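Okay, here's what each chain looks like letter by letter:
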Amino acid sequence: MNLGLDSYLGQREPARGVFSLRRWHLDWPLLLSLLVLTGSGLLILYSATGESWDMMGRQLTRLAIAYLVMIAVAQIPPQTLLHWAPWVFAAGIVLLAAVPIFGDVGKGARRWLDLGLFRFQPSEMMKIVVPMMVAWYLSAKPMPPRPHHVLVALVLTALPMGLIVIQPDLGTALLIGAAGVFVILLTGISWRYLAGFTVFVAAAAPLAWFYFMHDYQRQRVLTFLNPESDPLGAGYHIIQSKIAIGSGGVWGKGWLNGTQSQLDFLPERSTDFIFSVFAEEFGLVGVIVLFVLYLLVILRGLYIASQAQDCFTRLLAGSLTLTFFVYLFVNVGMVSGLLPVVGIPLPLVSYGGTSMVTLMAGFGILMSIHTHRRLITH
Amino acid sequence: MEHLELKDPQREQRLFTRRLIVAVVAVFLLMGALVARMVYLQVFNYDHYATLSQNNRVAILPLPPTRGLIYDREGRVLAENIPSFTLEIVPEKVPDLEDTLQRLGRLVRLTEEDLKRFHKRLRRNSAFKAVPLRFRLSEQEVARVEARRYQFPGVQVSSELVRHYPYGALAVHAIGYVGQINEAELAKLDASNYKGTRRIGKTGIERYYEALLHGTVGLRRVETNAQGRIIRTLERIPPIPGRHIYLSLDARVQAAAEAALGERRGSVVALDPRNGEVLAIASRPGYDPNPFVTGIDGKTYRQLASSPDRPLFDRALRGRYPPGSTIKPLIGLAGLEFGIVAPAHRLYCPGWYMLKNDDHRYRDWKKTGHGPTDLNKAIRESCDVYFYDLALNLGIDRISSYLGQFGLGRPTGIDLHGEAGGLLPSRAWKRRVKRQPWYPGETVITGIGQGFNLTTPLQLAVATGVLATYGLRFQPQLARAFRDPTSDHLLYIEPQLTTIVPVVEKSHWDYVIRAMREVVHHRHGTAHNIEQGVSYTIAGKTGTAQVFSIAQDAEYNEEEVAEHLRDHALFVAFAPLENPRVVVAVVVENGGSGGTTAAPIARAILDSVLLGDRP
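Order-wise, the sequence lines are chains A and B.
Count the first sequence with the working numbering and you get residues 1 to 378, in order.
Count the second sequence with the working numbering and you get residues 1001 to 1615, in order.
Since the hints were derived computationally from the structure, they do not count as laboratory data.
Hints are supplied without guarantee of correctness; some may be wrong.
What the hints assert, rightly or not - Which chain B residues face chain A? A few, computed with CB under 7 Å, are given here:
(1) Phe1016
(2) Arg1019
(3) Ala1023
(4) Leu1030
(5) Leu1034
(6) Tyr1049
(7) Leu1052
(8) Asn1225
(9) Gln1496
(10) Ile1500
(11) Val1503
To be verified - If you anchor each label on the Cβ, the simulated ranges turn out as follows:
(12) Pro77/A <-> Leu1029/B: 50 to 56 Å
(13) Leu1029/B <-> Ala91/A: 36 to 42 Å
(14) His83/A <-> Gln1010/B: 40 to 46 Å
(15) Thr1294/B <-> Asn257/A: 44 to 50 Å
(16) Asn1125/B <-> Leu194/A: 21 to 27 Å
Quick caveat, the model's predicted, so the values are computed rather than measured.
Every residue, glycine too, gets a C-beta built ideally from N, C-alpha and C.
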């Protein structure tokens, strides 16, 4: 994975020209993987939007912004992030609390804050802030953390999660919960706690079903369990998506030739269901190539985590990378009928800006962690 | 900044690395699960989903064939297809629906009912599909809308071919009509061939030759999107239009026949005895078939169906009448051929006839009697007593077998559905149906065409044709030729010779035909009244049948009952005698005497066939 740059860096001080990746705190294996992945994403988006250059233009703009954000974040030393963590977290909680009061409604959920110049989704930034906060808290404690430390970490995770669930935005809440839990797991807590936690979640699920879930969320779970029960309503999405994927076969129907997507049978085909378009047009072979691209990003992220020099950066890098994987897994699982439909886009490919920027900011943090290491010889 | 309470960096690093390894393993396992899911969907269930995907996008639209036309023997169009215009609205193209409807209302008559139905359909329709607003626009209305088309975006006039019968009620029972396909028909027909076809032949030729007239459906395979909007046509198989049918019917003769019948209830059949071609086949009263095509309203239909004159009933094909004296030439011929009587045989007619050991008097229509009578006179003047005696001597067995050869008592096999068989009584029939033996008295009245005898006008014409051709019985045919509209190839239908009645002695046939000639051309003939001004020779026979009225309802008032109890008037004839080209059978219900009522009608038809339009 590490193709020699680090060992090369370890030997002598490199020349740091304007075009040097090192100078800009960028990690080239990660950057290359991301470029290939987002490039493939644009390719399939072109097909999924019905060859709309209009939408392509907007997506390209978003990508450019996202890459700029990534580069900007990469310049911030991890120590600074550590200092900021509690304050940003506090600000995030305040903004989340403000959403139900001042927020704009979109698609039946109140998620957006209008800050005059642009609309802003506080829940999005929490995807980075929550693991930062939990890592900040736990990295100061001895490892593995004591039960009461774990409890505090869980509360730090659950508080923003709860605020997001009531928006309601189950998908984001899930990702934030995953990010917090990953930090806790990576600290090396005993598997016994994990088992206990799993039992707790299993017990809490019926409670959530009856007291906290919205009708549409319950409907989604029911539909997931039996999509044919409602073939023209909620089950339609998943049935059409499975038809798209299945009819792609091994080699796919060819780029721009997916009938399910081109003829509107597939709903939300440029956003949540874009993977189905990809699977229909490029087949199993294309899907495996795509999975390999994602794996490259994920493995590079975990490698960066393994090379991180302190507890905070290690936990943060690990959590961000694994959360990225959860994105992928939940999206693909949902469009292929393995998981219920929760609104999670295919990371870096789905049309839409907010999650793209957050994800790239996360990769900026990974790059920062990797390139701000002090040159210590072991 | 540094959180240093009992931290052991080495141990923490090891712990973290171990967890990281677990994470990598978990990532690979879950990725494996996703790949497995993809393999399951894309490899193992590929066929299933590929089929679903194909069904999703490809729709097959039927292209209904154009129905074949029906012509008469001279090429006059009896059934055609004319465009019917429908005003439609494509909702997604209309900027302001209410305004559009209001402005359209000024150009085209729109009733509350029209608007109500339109709104109902609108709710069920996709925005890009045309919703019908008004059916059957007049040509003026079409012109008014078309001229202002630019003011009405999203408004269109569509046309559909609808069956039309330009002659209206003329030969309606023979031609028939088409109407909406009902459920019983739907269950029987080839559903795929009728996709896109809304109407089917219900009666007459339209029904009998439905398969030929209809043609073969074509199709358009189109790619549609999820809403059903057509994206493009993938394949087009044009429909094969139905075949045109040329009838042997002559609309001019038919019109003459119907005009001659006039307002009377009755029927006329004119055939060419040389080949069975039907020149005219009329049943009066008739009705206009055109309202049936687009759906007749209930009130009009009930009026037709419940009328005591039974206009929907095809008398020519299904009316069962006692043949009366029109049967006498055949009985006479049987007498000669079986050697029961010789031409010179004479019988004294006192005006009545009596069987041995029975005091019942069988009356002659002429109370004073005909005096000494031979067969020629018996036919010419329609002496009943002569035939009472002859029938008794022939016996019912020989009568029914001989008359059966002339086609009485069973359907003629004309190319129309629903033909009645009539009734030719026999010993076996009576035992089977009535469970009674045959009585000699029944043979007696069979000799003058009364009793159990029932024939249709068509059967009478066919039987008379056998006489005219010295034994050739052809199956009557309405269709004469089919024309394939694509190749224009004409296919003629061969005449169907069903039976040849054996001729024992040609002179017997000559004798009977000569006697029939005298019915018209002898001053004592029962139809002498029609000889006036005739330029050809006619052989005919009058008949007067006691009433078994086909429409006997108890509710008639006395005057009507009296009218309905009057005898049916019959007449059969063929001409010209030397080379018969036309045979006619006429039945006028409750018409009184055959000579005065039915014979002039037959004369009008013979004139029409043999003299053309000359007066």
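Consistency of the hints with the structure:
This hint holds: Phe1016/B has a C-beta 5 Å from the nearest C-beta of chain A, less than the 7 Å allowed. The closest approach between the C-beta of Arg1019/B and any C-beta of chain A is roughly 5 Å, which is under the 7 Å cut-off, so the hint is satisfied. At a threshold of 7 Å, the smallest CB-CB gap from Ala1023/B to chain A is about 6 Å, leaving the interface hint in force. Given the 7 Å rule on beta carbons, the hint for Leu1030/B holds: about 5 Å separates it from the nearest Cβ of chain A.
This hint holds: Leu1034/B has a C-beta 5 Å from the nearest C-beta of chain A, less than the 7 Å allowed. Annotation: Tyr1049/B was flagged as interfacial toward chain A, and the flag holds, the nearest CB pair being 3 Å apart, inside 7 Å. Taking 7 Å as the C-beta contact cut-off toward chain A, the hint placing Leu1052/B at the interface holds, the least distance being around 5 Å. The interface hint given for Asn1225/B is met, as the beta carbon of that residue sits about 4 Å from the closest beta carbon of chain A, less than 7 Å.
Look at Gln1496/B: its Cβ only gets to about 56 Å from chain A, farther than 7 Å, so that hint breaks. A least Cβ separation of about 68 Å between Ile1500/B and chain A goes past the 7 Å threshold, and the interface hint is therefore violated. A least Cβ separation of about 76 Å between Val1503/B and chain A goes past the 7 Å threshold, and the interface hint is therefore violated. Hint check: Pro77/A to Leu1029/B, Cβ distance near 35 Å, so the stated range 50 to 56 Å is violated.
Taking the beta carbon of each, Leu1029/B and Ala91/A are about 38 Å apart, inside 36 to 42 Å as hinted. Checked against the hint of 40 to 46 Å, the C-beta distance between His83/A and Gln1010/B comes to roughly 26 Å, which is inconsistent with it. For the hinted restraint 44 to 50 Å between Thr1294/B and Asn257/A, the CB-CB distance of approximately 46 Å keeps it satisfied. Checked against the hint of 21 to 27 Å, the pair Asn1125/B and Leu194/A fails, with Cβ atoms roughly 57 Å apart.
Comparing the model with each earlier hint shows violations of hints 9, 10, 11, 12, 14, 16; every other hint is respected.
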